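Engineer: What follows is the residue order along each chain.
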Amino acid sequence: MAEGGDVEWELSKENIQPLKRGRDISALHQALSQQQDGLSSAINQQRQAFESELRMYDGDDPLDVWDRYIKWTEQTFPQGGKESNLATLLERAVTRFTEEKKYHNDPRYVDLWIKFAETCPEPLDIYRYMQAQEIGVTQASLYIAWSEEYENQGNCRKADLVYQEGFKRGAEPHDKLLQFHKALQARVSRQVMMHVEEEEDSDDEPKEPERVCLADLRHKGKKKAIAPVNRTGPAIRSISGGLQSRGAPVLGNASNSRLVIFDENKSWMAPPTSRAKENEQRPEKWCDVKAPPPPKPTFQPFVEESDQPPTMTPCKINPAVNTVLSARKPCREETPLKRLQEHHQQQKEAESGKPQEQSMYCKELLLSGATEFCFEELRAERYFKKMAQESQEARGQKDQASGSAAN
Amino acid sequence: MTGSNEYKLNQGPEDSISAVKFSPSTAQFLLVSSWDCTVRLYDVGGNTMRMKYQHTAPVLDCAFYDPTHSWSGGLDAQLKTHDLNTDQDTIVGTHDAPIRCVEYCPEVNVMVTGSWDRSVRLWDPRTPCNAGTFTQPEKVYTLSVAGDRLIVGTAGRRVLVWDLRNMGYVQQRRESSLKYQTRCIRAFPNKQGYVLSSIEGRVAVEYLDPSQEVQKKKYAFKCHRLKEDGIEHVYPVNAISFHSVHNTFATGGSDGFVNIWDPFNKKRLCQFHRYPTSIASLAFNNDGTMLAIAASYMHEKGDINHPEDAIFIRQVTDAETKPKST
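So the sequence lines, in the order shown, correspond to chains A and B.
For the first sequence, the tail end lands on 407 under the UniProt record's numbering, and the numbers increase by one without skipping.
For the second sequence, the tail end lands on 326 under the UniProt record's numbering, and the numbers increase by one without skipping.
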């Protein structure tokens, strides 16, 4: 079984998004094998179960359901993508609890926020918003993620300032913050050193990042050579892309010893990687370069006299007809942050003044989670729950009855 | 509160009413499905219950195949047909999740069911057996038959139009033109289009013909909203039923009101008195002289105290249902 599974995972590596926490190998095998026959009904059922649990939960820790649901989604949809609904889920989850002060410094909640920020086009805005709302301000993980983001953008000074802020607020756990801060400093100083070296020995080398293959190991100072970094070029840090794991290996090398083995049980394994939402690239200007006009041919192209160019390219479907069916209105330019702020605003308004409109049904219940429910579904859930309870009770009574009869 | 042109049916269901449907041939019989796990047949003229049969779980929808056979499905995910002459049950088949809608298409002679398992299934009513399963992108919330076309409304505000003679592909994929969850879709008797109602007090009139001139005619309007103390209360619009002769339609909302609309002149023809609780289902009879009104709380505000569920039969006149030609 292990062999077959191994092959499966080897074959679809490129479809698996890296997770900070790592992946459960059995869940991964299962997810990959299920995907071959489309979105299976088993997944749909599980998702439905989570969705209904979100709505039916009446304990005192509703965040727990969201947390489990999101973790399940991450494991079940290894390639991310739209059908996982992860971005929507994260957004709904963080919005849901913005008013719950007791969660503001709950590591799970802060974790959700960080994951949410990483799916957003502008994570820094989200971190600033969190700070303004006092969410996660005593959690080391916020400052680490925030600083990582600055570092990814090449702003090491700000990255350092974020750690200072973290220390000032007394973020917990202190050790972790300290460790990551040291690692940052080590990386920065190494970069500076490499800069200096490079300037010394190469002037006309291309500035493009490239790997040095089969290169000698250079000695640095009196220490013995170590080999983890064999890339050159100052620009490596600033390139963003799918693979951004380079932050991690440097972490332990601050003291220049050996590979760091991470503790699985810690919730924070490595600095976060930033990841853009799929298919959500911002439109940007290409460049100002204009293509040169095509050279004129030196000969006269031959055109048959009787030839008449078609007046219109044949089109299978009349485009005019086609457009009406996509009734979706062009949606407003809207970032998740804007939506969050709007939500906050609305809530404030609702508290202070009278709302203009009131929906006469339990809107929150229908719309929480990634998919919507209708009244009948909610009621059906309640019905099934009641049935299960009753049958359990009946069984219990029967057991009692048979027990007493035996006595 | 009930006048001479309206009366309440005796021996009503013991729990919420999910659907009321008139017999296709006479105004005498009304089929009623309910959350009390039964389907009941009423003799409307005599105001008595003629028959009832049981499901193992609440029933969400029912439909007549012909005057002597009813079909029904619900939370037990089983599709049942019942012979109303011999009082005998047959289980025709099952879905993977509760069955939300049951409809009959006379043009193609096929029963159609929609379910929360994200599929529509067709059933041959003569054998009776399954005649195909068609996956939908989301949970099916409502469906309606317009001639040989099938209009399916799902979660996520999607609308799909299928050709029942050729189910190989979706004929049209649309998005609801309303912003909120789709509650009900009913096709015009003239098969030109459909009316779609949403959970937030709005109704859209849409046309099936994709050409631009026709599509220009589509529109939507607000309704089933009540202003109290300066706050606008917005109610779900749960039920739509078309008048088979005039192509006008009635809507019922959780505000307890029933309105009758003229879609051609974009006018409201009349509004009845307020019923004790939400309108869960509406049905005109075959010649459009009677309207069955199911006033039944749908748990839209949770499991709270609510007025008793009841079915009212109302005689309607042409003045109430005929478009005014000016």
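For the record, the hints were derived by calculation from the structure and aren't laboratory data.
Be careful, since some hints might not be right.
[What the hints assert, rightly or not] With a straight-line cut-off of 25 Å between C-alpha atoms, the simulated DSS-like cross-links for lysine-lysine are:
hint	chain 1	residue 1	chain 2	residue 2
1	A	348	B	227
2	A	338	A	102
3	B	301	A	385
4	B	179	B	227
5	A	363	B	227
6	A	176	A	158
7	A	386	A	363
8	A	20	A	285
9	A	182	A	168
10	A	101	A	82
11	A	102	A	363
12	B	217	B	324
13	B	267	B	218
14	B	179	A	82
15	A	398	A	363
16	A	296	A	285
17	A	385	A	82
18	B	266	A	363
19	B	191	B	227
20	B	52	B	8
21	A	363	B	222
22	A	338	B	179
23	A	363	A	338
24	B	179	A	348
25	A	168	A	158
26	A	363	B	217
27	B	301	B	179
28	A	348	B	267
29	B	179	A	386
30	B	301	B	191
These numbers were taken from a predicted model, which means no experiment stands behind them.
Engineer: Look at each hint and say if it fits the structure.
Structural biologist: Structure-based check of each hint:
1. 348/A x 227/B: holds, 22 Å
2. 338/A x 102/A: holds, 24 Å
3. 301/B x 385/A: holds, 18 Å
4. 179/B x 227/B: holds, 21 Å
5. 363/A x 227/B: holds, 19 Å
6. 176/A x 158/A: Given pair residue 176/A, residue 158/A holds - Cα atoms ~19 Å apart, limit 25 Å.
7. 386/A x 363/A: Distance of about 23 Å is within 25 Å: holds.
8. 20/A x 285/A: The given pair, whose Cα atoms are some 33 Å apart, is violated under the 25 Å limit.
9. 182/A x 168/A: holds, 16 Å
10. 101/A x 82/A: violated, 31 Å
11. 102/A x 363/A: With Cα atoms ~24 Å apart, residue 102/A and residue 363/A stay inside 25 Å; holds.
12. 217/B x 324/B: holds, 19 Å
13. 267/B x 218/B: holds, 15 Å
14. 179/B x 82/A: holds, 21 Å
15. 398/A x 363/A: violated, 41 Å
16. 296/A x 285/A: violated, 29 Å
17. 385/A x 82/A: violated, 31 Å
18. 266/B x 363/A: violated, 29 Å
19. 191/B x 227/B: Distance ~35 Å between residue 191/B and residue 227/B Cα, so the pair is violated.
20. 52/B x 8/B: holds, 18 Å
21. 363/A x 222/B: holds, 18 Å
22. 338/A x 179/B: holds, 19 Å
23. 363/A x 338/A: The hint holds at about 21 Å.
24. 179/B x 348/A: It holds: about 23 Å lies between the C-alpha atoms, which stays within 25 Å.
25. 168/A x 158/A: Roughly 15 Å between the alpha carbons, so the hint for residue 168/A and residue 158/A holds.
26. 363/A x 217/B: violated, 31 Å
27. 301/B x 179/B: holds, 20 Å
28. 348/A x 267/B: violated, 38 Å
29. 179/B x 386/A: violated, 33 Å
30. 301/B x 191/B: violated, 35 Å
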